[in-house]
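So the chains spell out like this:
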Amino acid sequence: MADGSIGLWTVPLAVFGGAIRVSTPFLFVSLGECITERSGRINLGLEGTLVMGAMSAYGISYVSGSPWLGVLAAGITGAMLGALHAGICSLPRVNDIAVGIALMLFGTGLAFYLGKPLIEPTAPRLPAIDFGWWSDIPQLRSALRINVLFLFGVVLAPVLYWAFRTTRWGLLIRTAGESSDAARAMGHSVLGIRLRATMVGGFLAGIGGSFLSLFYPGSWNEGLSSGQGITAVALVIFARWDPMLCLWASLAFGGAAALGPALQSVGVTSGYHLFNAAPYILTLAIMIITCSPKRTLTGAPAELSITK
Amino acid sequence: MTSEVADSAEAVSVAPAADAGFLQRHGATIEYILIPGAALAGALVVFGLFVALFGKNPIDLYFYMYQGAFGTWFSWQNTLTRAAPLILTALCAALPAQLGLVIIGGEGALLIGALSATSMALTLPFAPPLVVQIAMAAAGMVGGGLWILLSGALRQYRGVNETISSLLLVYIALAILNHLVEGAMRDPASLNKPSTHEIGAANMIGTIPGTDVHWGLVFGLIAAVASYVLIYHTTFGFAARVAGGNIRAAKIVGLSVGKLILTVCFMAGSCAGLAGMVEVAAVQGRTNANLAAGYGYTGILVAFLARQNPLAVIPVAILLGGINASGGLLQRRLGLPDASVLVLQGIIFVFVLASDALYGRIGFLKNK
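Protein chains in written order, with the numbering used here: chain R, 1 to 308; chain H, 1001 to 1368.
One chain only, chain R, in its complex shape:
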């Protein structure tokens, strides 16, 4: 065992490592979307935000030499796309789902356009903390090389859980999501609350994107995200708009997404593409199990168009 040949144990180890590594973008997008949806609006455009975040993080990290500036740039880009979404949705008779689809196409297109010169160069990447120093097994050590952003995300989930329950801001967001009339009666601008909630959601989704280009897989190319953003939006639905459940669901998804590459590394290559589709199949399966035509989902914000 000590010589690094751990046989089939590679697979669960890689899935475990993947759960941590691959789950980070899912985690950030789903936490961001959780905030937006709790305010009563759905932003399907986070797929585009994720790709734009990845591109701008890579670009800024390359130009400035600091990956953390890249992360910040990704967050700001995401917040700007969020503001665009919220701004258009504030117009009368505009459907938030359709705007999300539009921004999904716009964000991806813009990222591909601006990111063309970034495919070749190598940008400084985010550092990782080595939690596996005590082990001799290289696979375990690589699984335990954990990025700081993941730890931020893990801390953010309970913080959001607490904030939704106890802070003034959490209550305002929930009020806007449950009954816009009630929020208005309290003298608050529902559109303003949703604008801020969508911007914060976009900020987090942008950071999720920066993880893709600056840590894992750790480069910029046009195939970087294939549906992680939209999967994360679906994930919020079966996480019942609960940030803690978003955390567990993201970990499960990361594990599912790591299954294909893990099996390939031990020589199981048939069905590689099918295993790569595991997160989408898992999402669909969980949505089929947890949704019901007869009742609205428990925990669903009443103002959310997707649950009506």
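Everything labelled a hint here was simulated from the structure, so no lab data went into it. It cannot be assumed that every hint is accurate.
Restraint ranges, calculated between C-beta atoms of paired labels, are given here [to be verified]:
| # | chain 1 | residue 1 | chain 2 | residue 2 | range |
| --- | --- | --- | --- | --- | --- |
| 1 | R | V159 | H | R1186 | 47 to 55 Å |
| 2 | R | A302 | H | W1073 | 51 to 59 Å |
| 3 | H | A1127 | R | S142 | 50 to 58 Å |
| 4 | R | G218 | H | G1254 | 56 to 64 Å |
| 5 | H | I1222 | R | V266 | 45 to 53 Å |
| 6 | R | P293 | H | H1233 | 28 to 36 Å |
| 7 | R | P293 | H | A1127 | 41 to 49 Å |
| 8 | R | V63 | H | D1187 | 42 to 50 Å |
| 9 | H | T1029 | R | H188 | 36 to 44 Å |
| 10 | H | S1256 | R | H188 | 41 to 49 Å |
| 11 | H | Y1062 | R | G299 | 45 to 53 Å |
From a predicted model like this one, the values you see are computed outputs, not experimental measurements. We treat Cβ as the ideally placed atom computed from N, Cα and C, and that holds for glycine.
Fit chain H to the known structure of chain R by using the hints.
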């Protein structure tokens, strides 16, 4: 205040508005042309400014876009060839929209349709070409139809949101396609680009005489006109629009909403599946990952720009086909990246949706 009310989900205005008096109807028709036209113009201006930021001359941009799309007979043919699948994938979004469903998975139905059609052609190696072509079209339509039917059925029986499920199914369809193309259905001779065996030159559907435009365009035109007749001139279409307008009213008058959803989703998927068959039988000659060229996504934009009207889908698809067709010229002459077409599409989409706010607010069209 009104904006707040409209902001709620009841404002999902994908279904066409109900008719009112003659004057209003006239005004509405003008609006349906004027407002999307203005949105398109606005988007072109913004795209021009965007391109100017990168040091390109916007006037050159518009000139080459026109040249590449509609400037010559050659570019017209290129445009129409690209419009054919767009008409069909747009119907995949526009038909469910009559019922208030937002289906964005046309790309997946196109891929499954292409796979089904190719499989059908490969299982009939000795049949006469016409038989093979009809069987391919049928297989493509059934395959694509079942794919979107799945989203409709999940919506109807499990309450799963059809927008998200149809998009997830795109990624699953792509995985199935890659799996088969690199495995069971792979032509060992296709080394760099894993592909299925070719369906054979005799089985290709060919071009309309006197042009380089393939027959897929005619399939698209027929499908669009048939959808229009179905939606606006049959009891079935009327029932669908009632259910799309007010689902409770539809249930009260005894309409079987479930059956409507399933039928319409199947038809919508059939259109996109037929687009897949056309791409195989008229352009690619085989199935490979090239088929995922984004026609399904552009189709959504076409449907929204056409305000979900199957007849309006035709000119809009030609317009968007033209924008796609001009991409090559923009790349060669102006050195713009190929993604510039995607950026323009995104800008158009954003403008079109924002312009929804203008309906009923244009002074000179208002009834006094």
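### Message
Can you tell me whether the CB distance of H/I1222 to R/V266 sits inside 45 to 53 Å?
### Response
With Cβ atoms ~52 Å apart, the hint holds.
- Query: Could one say that the CB atoms of H/Y1062 and R/G299 fall in the range 45 to 53 Å?
  - Reply: holds (50 Å)
- Task: Could you see if the CB distance from R/P293 to H/A1127 stays within 41 to 49 Å?
- Result: Roughly 43 Å apart at Cβ, these two residues keep to the hinted range, so it holds.
- Does the hinted range 50 to 58 Å hold for H/A1127 and R/S142 at CB? holds (55 Å)
Notebook entry, point to check: Taking the CB of R/P293 and the CB of H/H1233, does the distance hold inside 28 to 36 Å?
Noted result: For R/P293 and H/H1233 the Cβ distance comes to about 31 Å; the hint holds.
Quiz item: Is the hinted range of 56 to 64 Å satisfied by the C-beta distance from R/G218 to H/G1254?
Solution: holds (59 Å)
So the hint says 42 to 50 Å: do the beta-carbon atoms of R/V63 and H/D1187 match that?
-> holds (45 Å)
| message | Please check whether H/T1029 and R/H188 have a Cβ separation lying inside 36 to 44 Å. | response | holds (41 Å)
| request: State, for the Cβ atoms of H/S1256 and R/H188, whether the hinted interval 41 to 49 Å holds or is violated. | output: holds (43 Å)
- request: Look at the Cβ atoms of R/V159 and H/R1186 and judge whether their distance stays inside 47 to 55 Å.
  value: Given about 50 Å between the Cβ atoms, the range holds.
Problem set entry | 51 to 59 Å as the expected CB spacing between H/W1073 and R/A302, which holds or is violated | holds (57 Å)
Taken one by one, the earlier hints all hold for this structure without exception.
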